[in-house]
Amino acid sequence: MNKPQLNTEGNYVAGLAAVALFTVFALVFLTTSFPVPAGFPDGAAITKSLGAAMFDIAPGAIMDDGETAVPAEGFLVAFLVIGVLLDAALDGAVMLAKREDAGENVGLGTGSDDTDTDAAVAADGGKPADAEGTGGEK
Amino acid sequence: MAIPTEYYLLLSAAVFCIGLFGVLTRRNALIFLMSVELMLNAANINFVAFSLQHGNLTGQVFALFGMAIAAAEVAVGIGIILVLYRNFSDVDVTNATTMRW
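Which chain is which? The protein sequence lines are X and L, in order. Going by the numbering used here, the first residue of the first sequence is number 1, and it counts up by one from there. Going by the numbering used here, the first residue of the second sequence is number 1, and it counts up by one from there.
Chain X extracted, bound-state conformation (with noise of 0.2 Å):
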C-alpha cells in the first residue's frame, strides 16, 4: 500500500439521504419561479455601503461623487456581540486545548487507562497508537 487509495470506509447508504435530499431541493427550485433580482444601481458603492451597515454610519456621509448608497439595516449592536463571541470561542478553546501539566491529560476523562492503545489510530495513516505515547508530545 504505497499509493493514495480511495477512502471506502463510513456508510455510504446513509449518503443517498443526501442525494435524495438535493433531488428534492433542485425539483423545489427549479420549478419555482422568482422576480427578476432587484440588483443594485449602477455606480453603488457595496463595500462602503456594508462597512456603513456594519459601523451605524449614515451611508451618505462617506459616498463620494457618484456613488450611491445600498439601502441596508444598521449592524453595530450585532458587530460587538460578534466580537464577545469571538472571543468565547478563543477563550473556549484554549481551554480545552489546556493541559494543566505536561502528560497530564484534562477534559473528558484520562486517557492513561485505555486499554485500545494498540488499536489503528484514524488519523496518522493507521500506525499503532502507542507508536507516539497516547499523551500526546511531552
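Think of the hints as simulated: they come from the structure by calculation, not from any bench. Check before you lean on any hint, since a few could be wrong.
Example chain L residues on the side facing chain X (calculated, C-beta under 7 Å, incomplete) [said to hold, decoys possible]:
#1 Leu-9
#2 Ala-13
#3 Leu-20
#4 Ala-43
#5 Ile-45
#6 His-54
#7 Ala-70
#8 Ala-75
It should be emphasised that the depicted structure is a prediction, and the values quoted were computed from it without experimental measurement. All C-beta atoms in this analysis are idealised placements derived from N, C-alpha and C, irrespective of residue type, glycine included.
With chain X's structure known, arrange chain L on it following the hints.
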C-alpha cells in the same frame, strides 16, 4: 444579465448536500468539521443571493457575520477534536460513544 436566483439556490443546495453527505458517511471528526463548514457556507450563499434579489445589503452583512460564527465554531471544534484525540487516541467519532468523567 443577472443570473436568476434559482441557480444560486441550486448551488447552495448542492454545497449543503455535499456537507450533509460528509456528515452522514464519514467517521473522521476533522472531515465532520469540514462538512459542517460546507453547510454553513451554503447558508451564506443564500444570504448573498437574496441580498441581490431584493437590492438590499442586509443579507451581505449577515453573511459576514455567518463567517465569523463559522470561525468561532471551528475554534471550539478543533479544541474538542484535540481532547477527543487525547482521550481516545483517535479522531473516529464512532469510538467516542461513552461519556467518561
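Hey, does the L:Leu-9 contact hint survive, CB to chain X under 7 Å? holds (4 Å)
Evaluation of the interface hint that places L:Ala-13 against chain X, nearest CB under 7 Å: Given a least distance of 4 Å, the restraint on L:Ala-13 holds.
Cut-off 7 Å, beta-carbon criterion: hint that L:Ile-45 touches chain X: violated (12 Å)
Please verify that hint: L:Ala-70, Cβ, nearest Cβ of chain X, below 7 Å or not. violated (11 Å)
Please check whether L:Ala-43 passes as an interface residue: C-beta within 7 Å of a C-beta belonging to chain X. violated (13 Å)
Hinted contact L:His-54 with chain X - closest CB pair below 7 Å: This hint holds: L:His-54 lies near chain X, its Cβ roughly 6 Å from the closest one there, short of 7 Å.
Mind checking the CB of L:Leu-20 against every CB in chain X and telling me if the closest is under 7 Å? Where the cut-off is 7 Å and the nearest Cβ of chain X is about 4 Å from L:Leu-20, the hint holds.
Any CB of chain X closer than 7 Å to the CB of L:Ala-75? This hint holds: L:Ala-75 lies near chain X, its Cβ roughly 4 Å from the closest one there, short of 7 Å.
When the structure is compared with the earlier hints, violations turn up for hints 4, 5, 7 and for no others.
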